[in-house]
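Undergrad: Read off the chains here:
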Amino acid sequence: DSGVTQTPKHLITATGQRVTLRCSPRSGDLSVYWYQQSLDQGLQFLIQYYNGEERAKGNILERFSAQQFPDLHSELNLSSLELGDSALYFCASSGPGLAPRSSYNEQFFGPGTRLTVL
Amino acid sequence: AQKVTQAQTEISVVEKEDVTLDCVYETRDTTYYLFWYKQPPSGELVFLIRRNSFDEQNEISGRYSWNFQKSTSSFNFTITASQVVDSAVYFCALSEADRGGSEKLVFGKGTKLTVNP
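Sequences listed follow chains A and B, in order. Quick note, in the numbering used here, the first sequence goes up one by one and the last residue is 118. Quick note, in the numbering used here, the second sequence goes up one by one and the last residue is 235.
Hints in this document: simulated from the structure, not taken from any laboratory. Predicted, not measured: the structure shown is a model, and the values here were computed from it. Check before you lean on any hint, since a few could be wrong.
In silico lysine to aspartate or glutamate, DMTMM-like type, Cα no more than 25 Å apart, as pairs [to be verified]: (1) A:Lys57 x B:Asp173; (2) B:Lys188 x B:Asp173; (3) B:Lys121 x A:Glu62; (4) B:Lys227 x A:Glu62; (5) B:Lys230 x B:Asp147; (6) A:Lys9 x B:Glu162; (7) B:Lys227 x A:Asp40; (8) B:Lys230 x A:Asp1; (9) A:Lys57 x B:Glu214; (10) B:Lys156 x A:Glu106; (11) B:Lys156 x A:Asp1; (12) B:Lys227 x B:Glu162; (13) B:Lys188 x B:Glu144; (14) B:Lys227 x B:Asp147; (15) B:Lys121 x A:Asp1; (16) A:Lys57 x B:Glu162; (17) B:Lys156 x A:Asp40; (18) B:Lys188 x B:Glu174; (19) B:Lys230 x A:Glu62; (20) B:Lys121 x B:Asp140; (21) B:Lys156 x B:Glu128; (22) B:Lys227 x A:Glu82; (23) A:Lys57 x A:Glu75; (24) B:Lys230 x B:Asp136; (25) A:Lys57 x B:Asp147; (26) B:Lys227 x A:Asp71.
Derived list of chain B stretches under chain A, where covered just means 3 residues or more per stretch with a C-beta under 8 Å from a C-beta of chain A [unchecked claim]: (27) 125-136; (28) 160-167.
For glycine and all other residues, C-beta sits at the position ideal for the given N, C-alpha and C.
The shape of chain A in the complex, shown without the other chains:
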């Protein structure tokens, strides 16, 4: 158990709908990363938040947004869903600070949320 929790575990919805995925980081971790694993794109980085602020952005669609709340949990909002958004969405946390370039903060992955868009 990594200490990172994600809810829900599975989500089935229809095209055009909006869903929210939730992630609770490990206690003390300030960074939350979101990754998407799809059949065609593989595992790719979407976005990172650090202590409530957006830190880095990857290949995240404009229909997707995220935020990190004061209690450090994060939500990934996916709207106007399309069939191609069906994927496994992982959250990872690290921290407590930002590592200097000579070091590295391990990322601990949650179990993922499997989204199916019908």
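Could you slot chain B onto chain A? The hints should help.
TA: Relative to the frame of chain A, chain B by itself:
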């Protein structure tokens, strides 16, 4: 730009065979980290190893070993005496500590390993 290439899409072996999973990476940074993750059929990502760019020592952990060669930008993973439980998708990943402090991971496409009894 960072890139990780796992040229082997699928590998199938018979139990007790040794198998090597290849990983080639591209980066312009001198400080970076390389990883291997295992994704069993249940779907979770299991961390296996991390190496930094300044440590080229090979590592062995039980039946697992890793060969890091900066000269060829490769970080290969060998499983000795494979077992059915080793069947999974294995991902190689790269992280640069960028100026903004983000340590996002760039993953390869993965190699699906099937170990047959």
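Undergrad: Give a verdict on every hint.
TA: Structure-based check of each hint:
no. : hint                : result
1   : A:Lys57 x B:Asp173  : 29 Å, violated
2   : B:Lys188 x B:Asp173 : 10 Å, holds
3   : B:Lys121 x A:Glu62  : 24 Å, holds
4   : B:Lys227 x A:Glu62  : 24 Å, holds
5   : B:Lys230 x B:Asp147 : 29 Å, violated
6   : A:Lys9 x B:Glu162   : 11 Å, holds
7   : B:Lys227 x A:Asp40  : 10 Å, holds
8   : B:Lys230 x A:Asp1   : 23 Å, holds
9   : A:Lys57 x B:Glu214  : 14 Å, holds
10  : B:Lys156 x A:Glu106 : 16 Å, holds
11  : B:Lys156 x A:Asp1   : 15 Å, holds
12  : B:Lys227 x B:Glu162 : 16 Å, holds
13  : B:Lys188 x B:Glu144 : 10 Å, holds
14  : B:Lys227 x B:Asp147 : 21 Å, holds
15  : B:Lys121 x A:Asp1   : 29 Å, violated
16  : A:Lys57 x B:Glu162  : 23 Å, holds
17  : B:Lys156 x A:Asp40  : 19 Å, holds
18  : B:Lys188 x B:Glu174 : 7 Å, holds
19  : B:Lys230 x A:Glu62  : 32 Å, violated
20  : B:Lys121 x B:Asp140 : 14 Å, holds
21  : B:Lys156 x B:Glu128 : 14 Å, holds
22  : B:Lys227 x A:Glu82  : 23 Å, holds
23  : A:Lys57 x A:Glu75   : 15 Å, holds
24  : B:Lys230 x B:Asp136 : 15 Å, holds
25  : A:Lys57 x B:Asp147  : 19 Å, holds
26  : B:Lys227 x A:Asp71  : 34 Å, violated
27  : 125-136             : violated (count 0)
28  : 160-167             : holds (count 4)
When the structure is compared with the earlier hints, violations turn up for hints 1, 5, 15, 19, 26, 27 and for no others.
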